[in-house]
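Fit chains A and F to the given chain P structure using the hints.
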Amino acid sequence: MKKSVILGALTVAGLAAGAAAAGTLDDVKARGKLNCGVTTGLVGFAAPDANGNWDGFDVGVCRAVAAAVLGDPTAVEFVPTTGKTRFTALASGEIDMLARNTTWTFSRDVDLKFEFVGVNYYDGQGFMVPKELGVSSAKELDGATVCIQTGTTTELNLADFFRANNISYEPVPIETNAEAQQQYLAGACDVFTTDASGLAATRATFENPGEHAVLPEIISKEPLGPLVRHGDNEWGDVVRWTLNALIASEELGITSANLEEMAKGTNNPEINRMMGTEGSLGEMLGLDADWAKRAIAAGGNYGELFAKNIGEETPVGLARGLNAQWTNGGLLYSPPFR
Amino acid sequence: MSDQSTNSVAFVAEGTIPPSPPPARETGAVKWLRENLFSNIPNSILTIVSLYVIFLVLKNTMPWMLNGVWTTSSLAQCREVLNGETGACFSVLTERWNQLLYGFKYPVDEYWRPNLALLFMIVAAAPVLFFDLPRKLLIFTAIYPFLAYWLIWGGTIFVPLIALLGFVVAGMVFQTFSKGSFAIGFFGAVIAAFVVWLGGGALIPESASENAFLSSVPSRDLGGFMLNLMLGATCVSLSLPIGIVLALGRQSDMPLIKWVCVIFIEFVRGVPLITLLFVASVMLSYFFPPESTVDLFLRVVIMITMFASAYIAEVIRGGLAALPKGQYEAADSIGLAYPQAMRLIILPQALKISIPGIVNVAVGLFKDTTLVSVISMFDLVGMIRGPILASTEWNGVYWELLGFAALLFFIVCYGISQYSQWLERRLATDHR
Amino acid sequence: MTTTTDPHKESFRLSMLIYDTRYRSLTFQAITAVVLALCIWYLGNNLIQNLRAAGLNIAFDFLGDPSGYDINQRLVEYDSQSTHARAALVGLLNTVLVAFLACVTATIFGVIAGVLRLSNNWLVSKLMAGYVEIFRNIPVLIWIIIIFTIMTAVLPGPRAFRGDDPAASMLFSSFAFTNRGVYIPMPWFENGIFASPTMNWLLVLAGFALSWFVAHRINHWATVKQEATGIRPKTLLPLLATWLVPFLVLMLIMGLSWETPELKGFNFRGGIKIGGPLIALWFALSIYTGAFIAENVRAGIQAISKGQTEAAAALGLRPRRVMNLVVLPQALRVIIPPLISQYLNITKNSSLAIAVGYADITATLGGITLNQTGRAIESVLLLMLFYLTASLLISLGMNAYNASVKLKER
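Protein chains in written order, with numbering that gives the first Met the number 0: chain P, 0 to 337; chain A, 0 to 431; chain F, 0 to 409.
If we strip away everything but chain P, and leave its shape as in the complex, we get (with noise of 0.2 Å):
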């Protein structure tokens, strides 16, 4: 076993991502390439097409934060994880930071020691049934068998929603989203829960999407952001500034559309210096000047991100709802850019 390690990682010295040394931002800028911890599958967050190409909302803020520090939003390596690998990926330095629907919760950021830089989408745990079961209401759900993915805070919300109602239900724990549909679509279980946008995004696959209900109790909340390791701030602000920025920039009216205008010069003094044409924001964070710029540039401000991917006109069909910017009745609100 000794032998084949070292004969694999002299040999194997080419893959083997390079040496981490002094911090992640510097390690990304030598490696030129961002690995970016992403889910296996689901349509609208991060899903690779036919081609292979990683598309969706997630991927967008790995793709961002890749333009920001490297200048190329294509620089980057999506690792698939799993529920129960994505944490030790993180933790050994597999990837530089993961954008993998994960909730933000105490024990997360405390005891495992991760640092989540933001939210980049409110979500929390619905249930979708069959229209044909009558059901409005999640408490009516005694006795039936619930449909879960499992590797995510979703056991344990269904657990405390069903002791808190005193009511029964039977747990399938399905270990992939596709076999979690398979089993629901066959009449193996009554309920299907995941978060609301999963389950929107599932419902979009669906043959009949119109035969399926998403009941109206939302039992948990579910802030889902990108998070990196505990004790690297530097590479920490640069992530929570880009997501930062990609929120701002639609409060502040700057898309793709018009960010080479706005890039000139404006008479917003928050937008210019988000642009990097007045102040040095760009130098504080380690990067240069119009790390912003590039980071909308890479998909557009989130508004656009959000539209692109699962928005109303697209398949997973989302309303903004509570992702709407706080000038809105929505709870984004970014930090100023000062």
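Possibly wrong hints are sitting among the right ones.
As the list claims (entries may be wrong) - Residues of chain P clear of chain A, computed beta-carbon distances all greater than 10 Å:
hint, residue
1, D25
2, L69
3, A74
4, W103
5, S106
6, K112
7, E269
8, A288
9, D289
10, G320
11, Q324
12, G329
Claimed, not checked - Think about it this way: if two alpha-carbon atoms lie no more than 30 Å apart in a straight line, the pair counts; the simulated DSSO-like pairs of lysine-lysine are:
hint, chain 1, residue 1, chain 2, residue 2
13, P, K130, F, K263
14, A, K257, F, K263
15, F, K305, A, K351
Claimed, not checked - Taking beta-carbon pairs under 8 Å as the criterion, some of the chain A residues facing chain P (in silico):
hint, residue
16, W63
17, K104
18, Y285
19, A405
If you are wondering where the hints come from, they were derived from the structure by calculation, not from laboratory data. Built from N, CA and C at the ideal position, the CB exists for glycine as well.
Positioned in the frame of chain P, the structure of chains A and F alone reads:
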């Protein structure tokens, strides 16, 4: 007696009567049927039941197979074409053919590389599998791993060249010194190899991979059936030498070495492969130096190789035990040292006896490579369960995909096991 | 490399440590020990550094925390407030359950297929050869997924049983085959002697034990009688009575009745539920391993030379006794060791339960618990420890058996 004329007994036959044809129930198809299918009542019942089972299976699958649709681009279209009739949507296979075989990320323009590597693998394996082929082909077999590495991963050719050079230098050092003592030769060879690897590794320029003749492909981009084949081939060939060492170690009379081998073998054989893969995916990263990361493919290869070598060690131990004691004593009596006796007398015979067992382990291991789909690697099964079934176009196509996977594995494994049986027959005659 | 580890002994030349057989083995072992220690130190050191860098530690106290998730298939009391250790225990028992069931059925499948493969019926033997080849040459993971898919797609959901003109109906109005599992009637006692059902069943078990003991005594008595007189007394009726009477009496006293499953709400309630994942895994493991066992059985029967049968017949033994006294004991000697290693394989392959959502120990401890607590190293270590213990126990059993049937050669 002699006057009995031929005329007086008119009814005596002059020649033998030509044999009459056997009754109809004792010839041809009828006889065969009667003897093989309907020899008695229980047999007849069994036959009828079997025929019924075959009929049922065919009745349910044939319309589905024959009515298959091969040319649509999504399940919805396929259902439209079928228009409510039974039929398979084989178009998922044609549309996702490349993904099933190469995974979804291997560059399309480079498919010729793994294809060529597979072709070379057959050439390289031939002299090992068939003893009649000229021995000179073994040189190609020795070069093959490095060639295949270069073909599949691409990048600078210096990496495989230096790896090969390390082995060549080690072999030369061994040749020179092993005449004096096996141990000095062996350790000298190991040290020489490391010197070459470390020195050579330092010489390769950092940017060598960037504009190499073959563009480099990260191992994360490998997938599909190719990944199964690669894992199987790599791990079996790596585990053979380790397995031999472990088997010899287990038979050793040095207690420390013996117990290290026993504990290793029994530990690995005692746990399921999937827990070892969990180790590879969630634990092993913690055991490498903090500033380095080793990619998942390599971690998986390490764990599967460990797994396979323990099983191969047990097979070879069986081969060693099956050799008559006289062989060991004869080797001792002509004054051969342990390494010589092993190399010249014992191992050639023991390995020959073990080949069918080793082939069985290889088949089992190849089948077990599908387990990597559980730890988010996209092998054939992983591709099916992940990207293909999760896609909007093909959400809900199970039978076609699973049947295809089963068929591919069946062809390869059945082929290997037929070879193993052929070999067994051949080796059996050699002993008589 | 060698010299650094050599002890300094002036009276020897250093080269003796390599060339002199008296010391060579010591040298090699010393080198091994040093290399091994270096490896362990290297890996351990890396682990400590990595954990420190990530701010983690290795601790098993997470096992005492409430697990927070539910498990649908459980043999012992468990709910989401139970601890992770309890969840692991539930998983462990589920592993043992499916492994045991699969061992039994795999043996049945294997013996039938192995014997039929030697049948002189051409069609049947070819059919069995086909079964063996098809199942042996396709990965068990694919079989598990295929069989689970067949179950979900072919069997009706509980919804199909509803309505005035249901698409599916129950067998004998008491067995329901759904894609969530099979529901069968559950026996229970109307007026059990004890309050808890478990105690009542233990009582029934005790009744059987008593019957077994008495039957044993009767056989013994018959043998003694036969040895004394040469005539074996007829024991069939007393034996039958011994087995049946206590059982029937107990059943009558306690009032055996059956609780049949009924469709209520979303699911069938009442009766015994054998979950779909359990059935799929059980069946897949049995039919896959059955193919291997069939080969072992065939090899075992073929290994007995024809001379043995003929010699036994020449001694005047009747065919049944030839089989029982001559062929079987010898064939079993060949069959049982590989059979037990197949049992070992079943136990290990049952870890693929995660592919079908069966809550075995890999799915609880190595799955949800690992995911929820993030304690990867601890969970995987415990998991391996469990399988290792199980394997060692089975191996011990095998070794004991091998020793007991070993040919006593002189």
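Out of the numbered hints, which ones does the structure contradict?
-> 14, 16, 19
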